[in-house]
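Enquirer: Letter by letter, the chains look like this.
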Amino acid sequence: MNVPALETHELSVSYRGKPVLHGVDIEVPPGTLTGIMGPNGAGKSTLLKAVMGVIQPDSGWVKLLGKPLGEVLGRIGYVPQRESVDWDFPVTVFDVALMGTYAGLGWFGRPGKAERARAMEALEQTGMVDLATRKIGELSGGQQQRTFIARALAQKAEIYLMDEPFAGVDAATERAIIGLLGKLRDEGRTVLVVHHDLQSAPRYFERLLLLNLRVVAHGTVEEVFQPEILEKTYGGKLTLLSDVARRVARGSGGGLP
Amino acid sequence: MNWEIWQDLLQSPTSLWLMLASAFTVMACGVPGTFLVVRRMSLAGDAISHSVLPGIVIGFLISGTLDSPWILGGAALSGWLTVMVIGWLHRSGSVREDAATGIVFTAMFAIGVVLLRLYAGKVDLDPDCVLFGNLETAIHGARVGVFGLDVPQIVLVTGGAAVLGWAMVGLIYHRLLVGSFDPSLAALTGQAPRRTESILLGVTALVVVAAFQTVGAVMSVALLVLPAASGLLMCRRVPAILGAVAGHAVISSIGGMVIATWAGCNLGASVVICGAVLLVLVWAVSLRKRNR
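Chain order of the listed sequences is A and B.
Under my numbering, the first residue of the first sequence carries the number 1, and numbering increases by one thereafter.
Under my numbering, the first residue of the second sequence carries the number 258, and numbering increases by one thereafter.
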């Protein structure tokens, strides 16, 4: 069998003694596009941070491409949550895209022609070439997100971890991003996306990981996007949920509202 | 305008050395200071600049002179100890990082002041000189022959600090940039953000020690923050800010010299005042630009 792109075993994380994630045991097959969903505080971002080694788990382990994180640095790409970026930082769009190419430089290297070309190509793919010299703080929400997607593309990674890339972006950007994610998947890369919107989830992703402190369900959209599973994940709190569930029950998937 | 000030300044080699030493000091502090400011870590600069004081005093008590390696070692040690204790307080308990920083560095500074007052009388260490700097005296200290030129040692020390700052940027600019902007990406791509940060803080401690004799413990933090903050108002990219820091260094050292000569006051304080005036000017210009 193929080595899973991402594998976690009994992964538990707590913050100041409060459990945030408990016993997460998943295997994500390579070349797939997975949406990570769940209510606020379900541990979606925490899972990404634990996978990236930003937070230390209490117990359990993570393997990427069959190896511990330390051995696959540079093969993992990432798009941060918008709120976690310092938008006043003095960098341009091109500077940010170029950061995606730093992995192989070592302590004293500097990006040369090849790296610049890679960054430019990534900006072309996200339609940001004309804004390359703009300071990131001067961009709209959609343009900011395109900049970070470009950086991820410039990384030419095998696994991509994205924290709410669709938050606060315009419809055109959302379509552009989902197109790029599909392309990455078609090239055999593995993409994991923290996502909020239940309506669009079954159209955007082929696999879903439903979280609420622990894994509620993980599998293909057909297996997982079921009213009872969604209710178990969200606790039936959302009014939107019953709406989606009804639509699922009617067998129309989750089309546009 | 009183032209005699300029004539006096340009004809006296001492004034030229003084301006050079203060320009080097501002440059030395401004470079690591730029990265502290863009990382929103100005308080860490404050912490380091104050907490090296006990190390400097102890180093002086051991060696008896301000130009000994004991001073550097002592300063580096107490700076390092401070960063460690802050990290430990923050990690191990409920003390918030900013609070921990505020507590630890003021405590270290207080220890330094007590040591200074206790022992300064017995040895030849002027508390005012350590707290507020006294370049006018330091410039008449030891001299070193360089290429047949009789250079005051303080010019070499501050020049060396400036070279150290620029060397750090020249060598590991990309790691400093990505580690400051996005530590998570830096960690994920093997860019060693924590080691990069240690290097940045270490270089900060070293340039602060060099700045001690120029502007003293209290004001060296101004030099870490002022040039970078002015640059940040004017420039959109870090390399441009570093250029602005160099410009700021030259202007504030000349301006500081003029103020000090005119008012007959401490040169270090004059350089800081001139830097603050520059910041206000830049801020006013940037406001006008934004409103247009």
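Simulated from the structure, these hints should not be mistaken for lab results.
One or more of the hints may lead you astray.
To be verified - Here are some of the chain A residues that sit facing chain B, going by a computed Cβ distance under 7 Å:
#, residue
1, 73
2, 78
3, 102
4, 103
5, 106
6, 107
7, 131
8, 135
9, 137
As the list claims (entries may be wrong) - Cβ pair distances, simulated, as ranges:
#, chain 1, residue 1, chain 2, residue 2, range
10, A, 113, B, 546, 46 to 56 Å
11, A, 73, B, 521, 56 to 66 Å
12, A, 141, B, 449, 26 to 36 Å
13, A, 116, B, 344, 32 to 42 Å
14, A, 59, B, 449, 23 to 33 Å
15, B, 507, A, 19, 55 to 65 Å
16, A, 117, B, 424, 21 to 31 Å
17, B, 449, A, 83, 17 to 27 Å
18, B, 420, A, 19, 43 to 53 Å
19, B, 541, A, 83, 25 to 35 Å
20, B, 300, A, 124, 32 to 42 Å
21, A, 87, B, 341, 28 to 38 Å
22, B, 363, A, 29, 52 to 62 Å
As the list claims (entries may be wrong) - Computed footprint of chain B on chain A, listed as stretches where at least three residues anywhere in the stretch have a Cβ under 8 Å from a Cβ of chain B:
#, segment
23, 108 to 122
24, 214 to 222
This structure is a prediction, so every number in the text was calculated from the model and none was measured.
Don't be surprised by glycine CBs; every beta carbon is placed ideally from N, CA and C.
Enquirer: Hint by hint, note whether the structure agrees.
Expert: Hint-by-hint comparison with the structure:
Given hint, residue 73/A at the interface with chain B, holds; its Cβ is 4 Å from that chain's nearest Cβ, closer than 7 Å. Among the interface hints, the one on residue 78/A holds; its C-beta lies about 6 Å from the nearest C-beta in chain B, closer than the 7 Å criterion. Contact between residue 102/A and chain B, as hinted, is supported at the beta carbon level, the nearest pair being about 6 Å apart and thus within 7 Å. Because the closest C-beta pair between residue 103/A and chain B is about 4 Å apart, less than 7 Å, the hint holds.
Taking 7 Å as the C-beta contact cut-off toward chain B, the hint placing residue 106/A at the interface is violated, the least distance being around 9 Å. For residue 107/A, the interface hint holds, since its Cβ comes within 7 Å of a Cβ in chain B; the closest pair sits about 6 Å apart. Interface hint status for residue 131/A: violated, as the beta-carbon distance to the closest one in chain B is roughly 13 Å, over 7 Å. A hinted interface residue such as residue 135/A counts as satisfied when its beta carbon comes closer than 7 Å to some beta carbon of chain B; here the least separation is about 4 Å, so the hint holds.
Interface restraint check for residue 137/A: the shortest CB-CB distance to chain B comes to about 9 Å, outside 7 Å, so the restraint is violated. At about 34 Å, the CB distance of residue 113/A to residue 546/B disagrees with the hint of 46 to 56 Å. Checked against the hint of 56 to 66 Å, the C-beta distance between residue 73/A and residue 521/B comes to roughly 59 Å, which is consistent with it. Evaluation of the 26 to 36 Å hint for residue 141/A and residue 449/B yields a pass: the beta carbon distance comes to about 32 Å.
A C-beta distance of roughly 37 Å is found between residue 116/A and residue 344/B, which places it inside the suggested range of 32 to 42 Å. Distance hint for residue 59/A and residue 449/B: a CB-CB separation of about 26 Å, consistent with the stated range 23 to 33 Å. Look at residue 507/B against residue 19/A: about 57 Å separates their beta carbons, and that is inside 55 to 65 Å. Residue 117/A and residue 424/B have their C-beta atoms about 29 Å apart, which keeps the hinted 21 to 31 Å range intact.
For the pair residue 449/B and residue 83/A, the supplied restraint of 17 to 27 Å holds, since their beta-carbon distance comes to about 26 Å. As the Cβ distance of residue 420/B to residue 19/A is approximately 51 Å, the hint placing it in 43 to 53 Å holds. At about 32 Å, the beta-carbon gap between residue 541/B and residue 83/A stays in the expected band of 25 to 35 Å. The beta-carbon spacing between residue 300/B and residue 124/A, approximately 41 Å, falls within the hinted interval of 32 to 42 Å.
The given range of 28 to 38 Å is respected by residue 87/A and residue 341/B, whose C-beta atoms sit roughly 32 Å from each other. For the pair residue 363/B and residue 29/A, the supplied restraint of 52 to 62 Å holds, since their beta-carbon distance comes to about 55 Å. With 4 residues carrying a beta carbon less than 8 Å from a beta carbon of chain B, the segment 108 to 122 of chain A meets the three-residue requirement, and the given coverage holds. Remark: the segment 214 to 222 of chain A is not confirmed as covered by chain B, as 0 of its residues place a Cβ nearer than 8 Å to a Cβ of that chain, below the required three.
Violated hints for the displayed structure, listed by number in ascending order: 5, 7, 9, 10, 24.
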